[in-house]
Structures are given as C-alpha cells and as structure tokens.
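Just so you know, the protein sequences line up as chains A and B, in that order.
All residue numbers for the first sequence refer to the working numbering, where the first residue is 217 and numbers rise by one.
All residue numbers for the second sequence refer to the working numbering, where the first residue is 46 and numbers rise by one.
Fair warning: there could be bad hints in the mix.
[To be verified] Computed list of lysine-lysine pairs in DSBU-like fashion (alpha-carbon distance at most 35 Å, straight line):
#1 B:K158 with A:K294
#2 B:K114 with A:K258
#3 B:K158 with A:K273
#4 A:K299 with A:K258
#5 B:K97 with B:K48
#6 B:K158 with B:K48
#7 A:K273 with A:K299
#8 A:K294 with B:K48
#9 A:K258 with A:K273
#10 A:K258 with A:K294
#11 B:K97 with A:K299
#12 A:K258 with B:K48
#13 B:K114 with A:K273
#14 A:K273 with A:K294
#15 B:K97 with B:K158
#16 B:K114 with B:K97
#17 B:K114 with B:K48
#18 B:K48 with A:K273
#19 A:K299 with B:K48
#20 B:K158 with B:K114
[Said to hold, decoys possible] Simulated restraints, written as ranges between beta carbons of each label pair:
#21 A:E275 with B:G74: 27 to 37 Å
#22 A:Q230 with B:S73: 22 to 32 Å
#23 A:E275 with B:P137: 39 to 49 Å
#24 B:H122 with A:R296: 40 to 50 Å
#25 A:I276 with B:S73: 23 to 33 Å
#26 B:S86 with A:E284: 36 to 46 Å
#27 B:S73 with A:S225: 35 to 45 Å
#28 B:D56 with A:E284: 39 to 49 Å
#29 B:M55 with A:T328: 26 to 36 Å
#30 B:T101 with A:D278: 36 to 46 Å
Don't read these hints as lab results, they were simulated from the structure.
Where a beta carbon is used, it is the ideal one built from N, C-alpha and C, also for glycine.
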Amino acid sequence: EPEVTQTPSHQVTQMGQEVILRCVPISNHLYFYWYRQILGQKVEFLVSFYNNEISEKSEIFDDQFSVERPDGSNFTLKIRSTKLEDSAMYFCASIRGLGTGELFFGEGSRLTVL
Amino acid sequence: DAKTTQPTSMDCAEGRAANLPCNHSTISGNEYVYWYRQIHSQGPQYIIHGLKNNETNEMASLIITEDRKSSTLILPHATLRDTAVYYCIVRPRSGSGNTGKLIFGQGTTLQVKP
Numbered sequence: 217e218p219e220v221t222q223t224p225s226h227q228v229t230q231m232g233q234e235v236i237l238r239c240v241p242i243s244n245h246l247y248f249y250w251y252r253q254i255l256g257q258k259v260e261f262l263v264s265f266y267n268n269e270i271s272e273k274s275e276i277f278d279d280q281f282s283v284e285r286p287d288g289s290n291f292t293l294k295i296r297s298t299k300l301e302d303s304a305m306y307f308c309a310s311i312r313g314l315g316t317g318e319l320f321f322g323e324g325s326r327l328t329v330l
Numbered sequence: 046d047a048k049t050t051q052p053t054s055m056d057c058a059e060g061r062a063a064n065l066p067c068n069h070s071t072i073s074g075n076e077y078v079y080w081y082r083q084i085h086s087q088g089p090q091y092i093i094h095g096l097k098n099n100e101t102n103e104m105a106s107l108i109i110t111e112d113r114k115s116s117t118l119i120l121p122h123a124t125l126r127d128t129a130v131y132y133c134i135v136r137p138r139s140g141s142g143n144t145g146k147l148i149f150g151q152g153t154t155l156q157v158k159p
C-alpha cells in the first residue's frame, strides 16, 4: 500500500536554529499538507500546497515557516528560527484530488526544541 | 474550528461493538462526514466517510441519520488495537475555495478493555 514517508522521525534542536522537515508524498498525489500536534493537544492544520504554491495557511503558519517542493518527490517544511513552543509532532499529508478521497498522513516527525 | 461534537471518552469491552456518536447539526448539503483515528501519536488514519447513505468497509460502518445532523461510527468487534482517538470531521466536496484540508477537533478517546 502506498504511504507518505517523513524524515527525520525525531529531531532535537537548539532554540533559534533552523529546521527542515522532509516528506515524500504518495507519487500521484497533487495536494500536500502540513499539520502539527503539540503534546496532549489536537492536530492543527498549518498549510496546504498545490501546483507549487500555498493554497491556504493557518494563523500558526507565520513568517518563520515556509514550505517547498524542491523536486518532483519531496515536500519540505522549514522553520527558520525555532522557538520552544515549536516542539511538536509534525505530520505531512497528501491527497490525489479534491474529490471525496482520503487524506493520507505520514507517521510524523517529532521536533524537540531545547 | 471543528464543526462536530463528540464525547471526550468511551470504553468498550474487547469483542463487543464500539458505537461512537458524533453531532454535526450545522452540516451543509455539500459536506461529507469523515472518520479518522489516531493510535497513540501516530499519523491520523482514515476509516470511512459518507454523505447521506450508510457506508460499510472492512474497518467499520457509518450510520448517518436521515436529517444528517448526527452519525455513528461502528467498530463491529473491537480489539485492543482499536484503542485510539477517533475524530469525526465534516469536509466539503470539491469546489471553489476548497483546499481539501481537514479540521480536527478533540475527538473521542476509545479505550478497549480486555
């Protein structure tokens, strides 16, 4: 069964450092998403991406965040200068089209900011 | 914000049916009901979705009331591995302004007990 893969599974970083989280969506999918989940809290939408541009972003997705699809397979989330409150699980998701299909989620990258 | 209401937690005996309710009284005609679950801190996993007819797949059944204001997810023979947080989400069909994102609420924590 096709799956969304994310790397790294866990990253520890110092406050103020830049972090890049990587995702490989399912190969024929066209729409991509990042979500985050702070420990003990709900899954929160960050950003959606289609046709090489952001289609929607939440209030959480401020200037410290950026997304990119640098080649035909990877989809990255960059946090420019990490803060303690960025510590969370980050989930990537993808979907083939905007019909009624399911969103496929990766297993997540745990980010710990010290 | 999520447009659904679910109980915070439920228990179910192993081998028995788990019936998880969801209220979505403000659902509009072009919105589907989706169910996802999250086991521990893994990525959310799609279970089932429906518009107005009852649906069944290998994982679960979805019963939607005639007025579409509520639904019930049924796991026919719950196992210990079904212990998870279950999310009921309403999501529009494809159309103008729809980016395909899902908005998660707090969900129902289902504990399956031996």
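Structure-based check of all given hints:
Of the supplied pair hints, the one linking K158 of chain B and K294 of chain A is violated, its CA atoms being roughly 41 Å apart against a limit of 35 Å. The suggested pairing of K114 of chain B with K258 of chain A holds, with an alpha-carbon distance near 23 Å, which does not exceed 35 Å. Proposed proximity of K158 of chain B and K273 of chain A is contradicted: the alpha carbons are some 40 Å apart, above 35 Å. For the proposed pair K299 of chain A and K258 of chain A, the alpha carbon gap of about 19 Å is at most 35 Å, so the pair holds.
Restraint check for K97 of chain B and K48 of chain B: the C-alpha separation of about 17 Å stays at or below 35 Å, so the hint holds. For the suggested pair K158 of chain B and K48 of chain B, the alpha carbons sit about 30 Å apart, so the restraint of at most 35 Å is met. Taken as a hint, the K273 of chain A and K299 of chain A pair is honoured in the structure, with Cα atoms around 19 Å apart against an allowance of 35 Å. The hinted pair formed by K294 of chain A and K48 of chain B meets the criterion: a straight-line CA distance of about 30 Å does not exceed 35 Å.
Among the hinted pairs, K258 of chain A with K273 of chain A is consistent with the structure: their alpha-carbon atoms are about 17 Å apart, no more than 35 Å. Between K258 of chain A and K294 of chain A the CA atoms are separated by roughly 21 Å; this keeps the pair inside 35 Å, and the hint holds. For the proposed pair K97 of chain B and K299 of chain A, the alpha carbon gap of about 44 Å is over 35 Å, so the pair is violated. Under the criterion of a C-alpha separation no larger than 35 Å, the hint pairing K258 of chain A with K48 of chain B is consistent with the structure, at around 14 Å.
With a C-alpha separation of about 29 Å, the suggested pair K114 of chain B and K273 of chain A falls inside the 35 Å cut-off, and the hint holds. A hinted pair counts as satisfied when its Cα atoms are at most 35 Å apart, and K273 of chain A with K294 of chain A qualifies at roughly 14 Å. Of the supplied pair hints, the one linking K97 of chain B and K158 of chain B holds, its CA atoms being roughly 32 Å apart against a limit of 35 Å. Under the criterion of a C-alpha separation no larger than 35 Å, the hint pairing K114 of chain B with K97 of chain B is consistent with the structure, at around 10 Å.
Taken as a hint, the K114 of chain B and K48 of chain B pair is honoured in the structure, with Cα atoms around 11 Å apart against an allowance of 35 Å. Distance hint between K48 of chain B and K273 of chain A is fulfilled; the C-alpha atoms sit about 19 Å from each other, no more than 35 Å. The suggested pairing of K299 of chain A with K48 of chain B holds, with an alpha-carbon distance near 31 Å, which does not exceed 35 Å. For the proposed pair K158 of chain B and K114 of chain B, the alpha carbon gap of about 30 Å is at most 35 Å, so the pair holds.
Under the hint 27 to 37 Å, the C-beta atoms of E275 of chain A and G74 of chain B, about 29 Å apart, fit the expected range. Range check, Q230 of chain A to S73 of chain B: about 47 Å between beta-carbon atoms, so the 22 to 32 Å window is missed. In this structure the hint that E275 of chain A and P137 of chain B lie 39 to 49 Å apart at CB is violated, the actual value being about 20 Å. Judged by the Cβ atoms, the range 40 to 50 Å given for H122 of chain B and R296 of chain A holds: they are separated by roughly 49 Å.
Evaluation of the 23 to 33 Å hint for I276 of chain A and S73 of chain B yields a pass: the beta carbon distance comes to about 26 Å. Checked against the hint of 36 to 46 Å, the pair S86 of chain B and E284 of chain A fails, with Cβ atoms roughly 26 Å apart. Distance hint for S73 of chain B and S225 of chain A: a CB-CB separation of about 39 Å, consistent with the stated range 35 to 45 Å. A C-beta distance of roughly 44 Å is found between D56 of chain B and E284 of chain A, which places it inside the suggested range of 39 to 49 Å.
With their beta carbons about 32 Å apart, M55 of chain B and T328 of chain A fall inside the hinted range of 26 to 36 Å. A hinted range of 36 to 46 Å for the beta carbons of T101 of chain B and D278 of chain A is consistent with their spacing of about 43 Å.
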